[in-house]
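K.L.:
Residues per chain are reported as follows:
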Amino acid sequence: MKELSLNILDIVENSTKAKAELVEIEIIEDKTTLTVRITDDGSGMSEETLLSVTDPFYTTRTTRKVGMGIPLFRLAAEQTGGSLTITSHHIDDYPEEHGTVVNASFDKSHIDFTPLGDIVSTITTLIQGHPDVDFKFTHTVDDSSVSLDTRELREVLDDIPLDNFEVLLWIKDNLIEQYNKIKYK
Amino acid sequence: MKSLAELQAIKERMKNKIVLREGTGDIRVVVGMATCGIAAGARPVLAAFVEEVSNAGLNDKVTVSQTGCVGYCQLEPIVEIYEAGKDKVTYIHMTADKAKEVVEKHLKGGKIVAEYTVTDDN
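Residue numbers (the working numbering), protein chains in the order written: chain X, 1 to 185; chain U, 186 to 307.
It is worth saying that the hints were derived from the structure and are not from the lab.
Wrong hints could be hidden among the right ones.
To be verified - Far from chain U, by Cβ distances over 12 Å, these chain X residues were calculated: (1) Thr39; (2) Thr85; (3) His130; (4) Asp158.
To be verified - According to the in silico footprint, chain U covers these stretches of chain X (three or more CB under 8 Å from chain U): (5) 117-127; (6) 151-157; (7) 167-180.
Built from N, CA and C at the ideal position, the CB exists for glycine as well.
Bound conformation, chain U alone:
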């Protein structure tokens, strides 16, 4: 059973890490979580980003957060990636699998997955 003692152990482990994390978090992944995003499948997309960012060991560098409707409901699930000194990248019609690919190629490898980004045709 996932006991409170186990949670306590997580706390002890994290206490040391937190100090190292201060002042980082240069990349922000923002998932649209309004009615439109949720209906289009944003929940598993968000879960995939949270999980894959952690699996890739990017927790110190990348924060995953949620936002409301950005006004392009027909393109949901939408994921925006903000990085200091770079243009915002907007991924559209996202799925959990695509999210995994974006973590691997873009967040880890630094290469935008162009085929999933928004274009003028959308």
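One chain only, chain X, in its complex shape:
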């Protein structure tokens, strides 16, 4: 992937497929390190599935047998000297607290570090495609942060869906303004 934000889009699509109702996307950055943590309350994975999920020849899809989402994200992390870890609680074993956490860390100074890219587009794309799922996004850069929680927007919007074009435009502009405020480039 050309941007880490595309990996993030891809990984969160897994969360929505696992019927998550809430997906938290956290990015934490300082001078040297970038960490991405994606936490969902979806159906989770069994230990067996979890073991095979970073294998590029493991996938749940039926159109073909190769699943590249997690392996690509892991590669992006490992090629900077960073790492990717996944913990998951399957709904059968943890009926109350099921879900998956994907945690990836990157060394920003490494020559093979993939830039984050257009994270705002990733967030708006996710909301457009999954207007009934809630997303909590936080991007912390040193001491400042950008955040968006669709549950708060829903309270204002009542029954107007989040994939309404004007709402999506508001979300995009709101995030861009927050980024401008913290002078993130």
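Position chain U relative to chain X; hints supplied.
P.N.:
Coordinates of chain U only, in the frame set by chain X:
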């Protein structure tokens, strides 16, 4: 600043519109958003469709949605257009610019942009 008050204003405006929209949405634009599609550039294609459909005033008639892998990863970004009573149209190797053209010619003008569609050679 894009405030919550502004969002509230959008809601008030939309409330009246929603009633008018019921029972419509005859055309469905579906963009492939699996790993293959995303890696090939589906994100800006989707954004272009969402934006251009709205700019063209087609929100009542056209819905834009996302799907997984349809099995032709080498042809991504793939966009399928479903319209009641018509054959499905499959556009391949899409870009944001092509998406804009498809909205203008196909969705608005009713004329398929044949050069971007899938053929037996693909």
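K.L.:
Which hint numbers doesn't this structure obey?
P.N.:
The structure breaks hints 3, 4; every other hint is satisfied.
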